[in-house]
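Participant: Take the sequences, apply the hints, and build the full model.
Number of protein chains: 2
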Amino acid sequence: MLSYKEILQLFEERLSAYSYGEQPQRLYEPIEYIMSLGGKRLRPVLLLTANQMCQGNIEEAMPAAMAIESFHNFTLLHDDIMDKSEMRRGKPTVNTKWNDNIAILAGDTLLAKAYEMMNNLPAKRLKESLELFTKTAVEVCEGQQYDMDFETATEVSIEEYCKMIRLKTAVLIAASLKMGALIAGTTKEEQNKFYKLGEEIGMAFQIKDDSLDVFGQQAAFGKETGLDIFTDKKTFIYLNAFEMANFETKKALKEAFSLQDKTRKIKEVTALYHKIGIKEEADKRILFHHNAASQILSSINCSQESKDILKKIIHTLIDREV
Amino acid sequence: MLSYKEILQLFEERLSAYSYGEQPQRLYEPIEYIMSLGGKRLRPVLLLTANQMCQGNIEEAMPAAMAIESFHNFTLLHDDIMDKSEMRRGKPTVNTKWNDNIAILAGDTLLAKAYEMMNNLPAKRLKESLELFTKTAVEVCEGQQYDMDFETATEVSIEEYCKMIRLKTAVLIAASLKMGALIAGTTKEEQNKFYKLGEEIGMAFQIKDDSLDVFGQQAAFGKETGLDIFTDKKTFIYLNAFEMANFETKKALKEAFSLQDKTRKIKEVTALYHKIGIKEEADKRILFHHNAASQILSSINCSQESKDILKKIIHTLIDREV
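These protein sequence lines are chains L and X, in that order. For the first sequence, this note's numbering gives the first residue as 10, with consecutive numbering after it. For the second sequence, this note's numbering gives the first residue as 10, with consecutive numbering after it.
Do not take every clue at face value.
In this list, chains with the same sequence are indistinguishable; a pair is considered to hold if it fits within one copy or across any two.
Cross-link-like lysine to aspartate or glutamate pairs, in silico, EDC-like; alpha carbons within 16 angstroms at most [what the hints assert, rightly or not]:
#, residue 1, residue 2
1, Lys93, Asp109
2, Lys197, Asp292
3, Lys288, Glu198
4, Lys144, Glu31
5, Lys133, Glu95
6, Lys274, Glu252
7, Lys263, Glu277
8, Lys202, Glu257
9, Lys93, Asp317
10, Lys260, Glu277
11, Lys14, Asp270
12, Lys316, Glu199
13, Lys288, Glu257
14, Lys274, Asp317
15, Lys271, Glu140
Just so you know, the hints here were simulated from the structure itself, not pulled from any lab data.
Facilitator: Structure representation (structure tokens):
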């Protein structure tokens, strides 16, 4: 049985041994650059962990783990263009370090490379795995479109927001877990448990992300705190704050959001968020999804030892302060 | 045996019966828009024609035909962003009618949808078809990167240019023909003939395209003539003109290219091109590739009747005046 640390290390080894390509240099350099920026490698680790829980052969699942991580980085490349993001994991984004066109094409290539990796899966699992992978890819794009639509929408309900983050974030985490189980050859019923479990983790993960943007420890976060406030982003925090605030506080919130000065705007909105008690509301919602995940996990048919590894990962994700 | 017209009609029917998706609207509308702009449907028709030549079941090959056309349109969506193109097939491009972000995401989704279609191929052909499809997708991206690199390169050799158009244009045409043969279950040797044949057609097709930009019939062309001249694009025409020109004409060419006035620039460069005899040089090169294609075609083991359909398509492509 491999520990979380051993799974992560194995994945990192395989990834750094893999070459995406050499020429043209201005295509493959940005790809190597973003892939080497690190990150949690959450999705491949979840995939390999689920595979181990279902007694799969980790080598057979590795191509899918590589593909999922490549796919995730493709989405980052294109999201950073769309959001005009300048920093990612404390380093300049590809669209900043190079330019938008380079980032578009590097992303396209990374997506094609993800499919190249998928094609190395065992033949008997290929069609089903590809179906899951592609369905997820399309849903992630749909989620990103809803996210962009929300930028200009005057009214976004919390329900609509949850649908968006389910598509944009949760389904890829869900698909990672399910794919690991699928490749191990477990039953459809068990596979679907992994999927639902992943959806719950994904929802909790994204709400935590929204919360950290406001209440996180700036220094260790690798990006500025309050950026969502500054850009009026309709996050879980934003939408629930307006929902929960009384007449007066809502008016104060609107005023604070209309401030031009960045530092003052972030400071005043954050103070109002504290007054409304929105951090506690977010924590409550995170706990709700965490509990749902734990319940599904307990129903999965596998050794307690292998379950505990996943439990630990979930705990790390949800209780992180950065 | 289906005629060229019948193959095209069958494909168009299937394509218009297919729905890429509904919601979010701002994701699927641009996809439906570009797919409905028409075009020659060259790649799927070639795929289905090759499939028929190898006595395949056209219904089995249809998912690949749909995938290839979707892939091709994905490249158009992203190329139009990178080239800042405003018009395509006489209509505004997606990046103009909507915006760059919409075009990026519509392209991404179209690429994923292409893989969704591929996954409907007969199981026994899936792995090989995907391998060809993905290898080609990556090469097309590489070709596009070389094309972008050439924009700022001071020196581009004709050899480098040919390598670029092989990747950017020819390999997709080659892959279309090979895929049709592959799905029909023909031998590797025959498949490779189709691939090489497609490369030759692709090279001829692109050189013809470069030539039509200067010497084409503007009205029927659906885009302006001389745009490559105006943007100093290093095409087959441009590179060979500088290669073939004597000292004096080269100097005049440089001067003409430095003109600011669009109409005058196009007029003067075109006059010099005529003087150099570059249209004849392009025609010679097109004929060279056409002959090579014909020779390979004659060596392919299939009925003359089915061959004649492909012959006619090639002829139409290469002798077109628009």
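Participant: Hints first: check each against the structure and report whether it holds.
Facilitator: For each hint, the structure was consulted:
no.	hint	in the structure
1	Lys93 <-> Asp109	both (9 angstroms within a copy, 12 angstroms between copies)
2	Lys197 <-> Asp292	neither (32 angstroms within a copy, 59 angstroms between copies)
3	Lys288 <-> Glu198	neither (36 angstroms within a copy, 66 angstroms between copies)
4	Lys144 <-> Glu31	between (30 angstroms within a copy, 15 angstroms between copies)
5	Lys133 <-> Glu95	neither (43 angstroms within a copy, 46 angstroms between copies)
6	Lys274 <-> Glu252	neither (20 angstroms within a copy, 61 angstroms between copies)
7	Lys263 <-> Glu277	within (11 angstroms within a copy, 61 angstroms between copies)
8	Lys202 <-> Glu257	neither (45 angstroms within a copy, 76 angstroms between copies)
9	Lys93 <-> Asp317	neither (39 angstroms within a copy, 52 angstroms between copies)
10	Lys260 <-> Glu277	within (13 angstroms within a copy, 65 angstroms between copies)
11	Lys14 <-> Asp270	neither (44 angstroms within a copy, 64 angstroms between copies)
12	Lys316 <-> Glu199	within (14 angstroms within a copy, 52 angstroms between copies)
13	Lys288 <-> Glu257	neither (19 angstroms within a copy, 75 angstroms between copies)
14	Lys274 <-> Asp317	neither (43 angstroms within a copy, 72 angstroms between copies)
15	Lys271 <-> Glu140	neither (45 angstroms within a copy, 50 angstroms between copies)
The structure is inconsistent with the numbered hints 2, 3, 5, 6, 8, 9, 11, 13, 14, 15, although it conforms to all the rest.
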